[in-house]
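Chains as they are written, first to last, in this note's numbering: chain A, 1 to 195; chain B, 1 to 195.
Watch out, some of these pointers could steer you wrong.
Since the list can't tell identical chains apart, any single copy or any two copies may satisfy a pair.
Distance condition first, Cα-Cα at most 30 Å in a straight line; then the derived DSBU-like pairs of lysine-lysine [to be verified]:
no., residue 1, residue 2
1, K51, K141
2, K50, K24
3, K17, K141
4, K51, K17
5, K51, K157
6, K51, K94
7, K150, K17
Note that these hints are calculated values from the structure, not bench results.
2 protein chains.
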Amino acid sequence: MTSEANNILWQSLSVTKSARAAQKGQAAKCIWFTGLSGAGKTTIANLLDKKLHSRGMHTYILDGDNVRHGLNRDLGFTDIDRIENIRRVAEVAKLMVDAGLIVLVSFISPFRVERLMARNLFEVGEFVEVYVATPLEECEKRDVKGLYAKARRGDLKNFTGLDSPYEEPQAAEIVLHTQAESSDVCVDRVLQVLA
Amino acid sequence: MTSEANNILWQSLSVTKSARAAQKGQAAKCIWFTGLSGAGKTTIANLLDKKLHSRGMHTYILDGDNVRHGLNRDLGFTDIDRIENIRRVAEVAKLMVDAGLIVLVSFISPFRVERLMARNLFEVGEFVEVYVATPLEECEKRDVKGLYAKARRGDLKNFTGLDSPYEEPQAAEIVLHTQAESSDVCVDRVLQVLA
Chain A
1 MTSEANNILW QSLSVTKSAR AAQKGQAAKC IWFTGLSGAG KTTIANLLDK
51 KLHSRGMHTY ILDGDNVRHG LNRDLGFTDI DRIENIRRVA EVAKLMVDAG
101 LIVLVSFISP FRVERLMARN LFEVGEFVEV YVATPLEECE KRDVKGLYAK
151 ARRGDLKNFT GLDSPYEEPQ AAEIVLHTQA ESSDVCVDRV LQVLA
Chain B
1 MTSEANNILW QSLSVTKSAR AAQKGQAAKC IWFTGLSGAG KTTIANLLDK
51 KLHSRGMHTY ILDGDNVRHG LNRDLGFTDI DRIENIRRVA EVAKLMVDAG
101 LIVLVSFISP FRVERLMARN LFEVGEFVEV YVATPLEECE KRDVKGLYAK
151 ARRGDLKNFT GLDSPYEEPQ AAEIVLHTQA ESSDVCVDRV LQVLA
């Protein structure tokens, strides 16, 4: 017995990625924010989104927490589920880039191999990795969501930076230091690279 | 031990769905094409996409076959996998509607309950179900991909319309009869409903 899986043909569609992007007056991109919980990824992505939108750019934000309420609601926090979480988000970002959008992805995405997997889905120049390099001590000091305290108490397992590793990017297109620079300055640095 | 799952907060983002849609000069929609394999769903969706695009609308097509090459590549054709296939596509369509796009979804989506699940993800008026009501005999006669012949030979199991049911929509917003009307006429009927 074969399944239908061997019988899936790629459907050629008429309106191309470049046509969809050209209509929007922009180059489609995936801007991938990585960093520890509390590093400031979503704050910066959100501010960047506002600035791009106010300039007439067509954008969207895929936020780690929000996607877990919908598309990835069936996934937990085991290693396998974390990888699948990232894989799906990267595939959705690819579809949105195909739709001509500038997609901002805000995900801890702690493992190099998964960020590389995401990058490899895109054409050269489409994927921009932004490392929000706030040190662990600073993230823990801020602890906006109270998660570090919870993890230190042992009430939260596999927490990135504590009992689960964060592998720093070695060749991110952009590295942001939120302790030294304001969110506005960080966003402007991303805008310069995009321009 | 609790997991991180209980600690996911919804991130409020600044640029709203209505702002993203208004920027594009349109109301965001999910136009959901359902019908048998070979009914003409993708042909009509593709033509509609071209017409909408040429009018300056911002659109995207999620095609069943194409999504199975990426986001849903891990899914097979068991009942559970078919449901998960539709769930993910509906969630992606929801994200794209949130991005302000008019999303055309072309999926056999044979079960009423899964189409209802998709509909329920959207706000009232955002979801437009289009039943491409080409009868089985006609789809089998066309058999563009040769799949019906393969299924009749027993080389393909769980084929919708043959050994797997297709539940006809009872309250689709639009019903198209591709035997009686050309693709152009079918598309114009969808455009009238959208206008």
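Hints, one by one, checked against the model:
With identical chains, the CA atoms of K51 and K141 are at most 30 Å apart within one copy only, with a shortest distance of 28 Å there and 54 Å across copies. Taking CA atoms no more than 30 Å apart as the test, K50 paired with K24 passes in both settings, with 16 Å inside one copy and 16 Å between copies. Neither within a single protomer nor between protomers do K17 and K141 lie at most 30 Å apart by alpha-carbon distance, with minima of 43 Å and 34 Å respectively. Within a single copy, K51 and K17 get their C-alpha atoms as close as 23 Å, and across copies as close as 16 Å, so both meet the 30 Å cut-off.
When the C-alpha separation of K51 and K157 is checked against a cutoff of 30 Å, the pair qualifies neither within a copy, at 36 Å, nor between copies, at 52 Å. Proximity of K51 and K94 under a CA criterion of 30 Å is satisfied in both settings, with 22 Å inside one chain copy and 24 Å between copies. When the C-alpha separation of K150 and K17 is checked against a cutoff of 30 Å, the pair qualifies neither within a copy, at 44 Å, nor between copies, at 34 Å.
This entry does not satisfy hints 3, 5, 7, going by the numbered hints stated previously.
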